[in-house]
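4 protein chains.
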Amino acid sequence: MAFNIIGVIGASKADPATMQLAEEVGMEIAKRGAALVCGGLTGVMEAACKGARSEHGLTIGIIPSDDRKDANHYVQIPIVTGMGVGRNVMLVKSADVIIAVGGEYGTLSEIAHALNLGKVVIGLNTWDLERATEKGVPNLRKAHSAKEAVDLAFQTVTAKG
Amino acid sequence: MAFNIIGVIGASKADPATMQLAEEVGMEIAKRGAALVCGGLTGVMEAACKGARSEHGLTIGIIPSDDRKDANHYVQIPIVTGMGVGRNVMLVKSADVIIAVGGEYGTLSEIAHALNLGKVVIGLNTWDLERATEKGVPNLRKAHSAKEAVDLAFQTVTAKG
Amino acid sequence: MAFNIIGVIGASKADPATMQLAEEVGMEIAKRGAALVCGGLTGVMEAACKGARSEHGLTIGIIPSDDRKDANHYVQIPIVTGMGVGRNVMLVKSADVIIAVGGEYGTLSEIAHALNLGKVVIGLNTWDLERATEKGVPNLRKAHSAKEAVDLAFQTVTAKG
Amino acid sequence: MAFNIIGVIGASKADPATMQLAEEVGMEIAKRGAALVCGGLTGVMEAACKGARSEHGLTIGIIPSDDRKDANHYVQIPIVTGMGVGRNVMLVKSADVIIAVGGEYGTLSEIAHALNLGKVVIGLNTWDLERATEKGVPNLRKAHSAKEAVDLAFQTVTAKG
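Residue numbers (the working numbering), protein chains in the order written: chain C, 219 to 379; chain Z, 219 to 379; chain L, 219 to 379; chain G, 219 to 379.
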């Protein structure tokens, strides 16, 4: 049987508070027995993997380049795509639910792909989205701590399963 | 020498006013001698291609499925990716500049990819983006008519060339 | 309505005889009014595009990098994939029929993808394939000149249409 | 630190002898402590995953569709690409070395991508390749049993590391 897989997305450079938040998110995911998938590089991705490994969680990095050495030190399973940012959509498709921690435009593309595919995104200090129409963005949900974010993420997984 | 290539993005279903706007955008692009690239399907994509063809412009559709017959009737060059929404990033990379007409989440993913790659997006009734940080989104520019959108798009191309 | 699109595949470095053959293939394709799609780079790809342009044919290059400037001088429509050799399968999917001119391993991957997708490959000095089983490779057909290769290719397109 | 990752490729339908061989290959990989990556579907892919799981190995399936339920029962980590056969090249890039068990055209495309990327392929009842030129295909090596194939594969990994 397949693992539950939680996606963590965020920028390759981040301030210390965001890094701390990402590490806590990784720890909370591992404590609950799920695997973590991310983009496999530095910044938020590395902090989340570090947190997950500190709790003996399984870490998967879907990396943009052709070189598995570009994966951060805490990635156990580097998936080598050679697709550049084209790999973002695969990260989203491979995750049951997404947690966005901070984030730049790459993160926004992943949030958009997730919403487009009907997946839930839990946001921690990330983008607010507003459409010209009045439909709102119900699948983008705010959390205020790592624990709350992972709790919300697991509620989504449980509701589906 | 390669053509100037203008990307038009938008949803596969759209209201009549949005369809009209997309068709005018296609016409304006063709009048200025550029090729139009889009996702190749229905809605905004079809309306833009129809407009471009009415002015004898060249139309390219980067389609998500494995079947070139999924391209709308006005696409002259279907690029068959078989990558689903993974093809969105290629559309963005292949365009000199992007014009977004209306749009749902798929369009948002294309806007995000464009901004991530440093490309300019001209928006017509599309998403507003706001970050938790105060950086703003300078490369996402609003237009209020098809002609203004295409004028802004060509200023970008000229500035680059 | 979409153009007929003929794929030409081959290595980015080739000897003068192979280059000559590729250029003739490009000329023959353009004379018959079809568009040419290739990988967009040097060698066989460039020679085929050069031949097509000398007969005012339309040339499409599906390039592996993120930079449209990597397309050869004779490509009119660069499709920028950023997917490295992952773009090979899209080239194959976008062509009605494939002509292989010489070729290294990248060409072999394209032949294999074409056969896997049920497409016909016309080979000019390219790979011979032999399976452990006795099934043979009926869709890989040998030609002995550029003209014969393009004639065989168009028979395939006509049979389908 | 990342796992050693061995790729197993082969068709989604196979005769009992090939299935048996694939299962043994999976077992031998797991016994040596490496993770197994495959295309995640039925046939050779499923048999190899089943063998690996019987020895408590880690199994990764890089699946072509958008639905993780298409992964076989023995895949623990489904990577959901939505890229169809475009996913083949990622499987190859993500593996340290490839073992081909039997195989149809899809397998041939993976062998070609592997050779193109300079990777070693160990073949068990798979394709023979012959070029018009006399260069040979030194990185395609024959084995005659599951154990010999996995031994050869690990020699490659050790030589690299």
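Watch out, some of these pointers could steer you wrong.
Copies of the same chain are indistinguishable here, so a pair counts whether it falls within one copy or spans any two.
The calculated SDA-like cross-link candidates involving lysine to any residue, where the alpha carbons are at most 25 Å apart (straight line), are [claimed, not checked]: (1) Lys365 / Val375; (2) Lys287 / Lys360; (3) Lys365 / Gly302; (4) Lys268 / Val355; (5) Lys231 / Gln373; (6) Lys268 / Ser283.
FYI, nobody ran anything at the bench for these hints, they're computed from the structure. No experiment lies behind these values; they were computed from the predicted model shown.
Index of numbered hints that the structure contradicts, given in increasing order
Per hint list: 2, 3, 4 and 5 violated.
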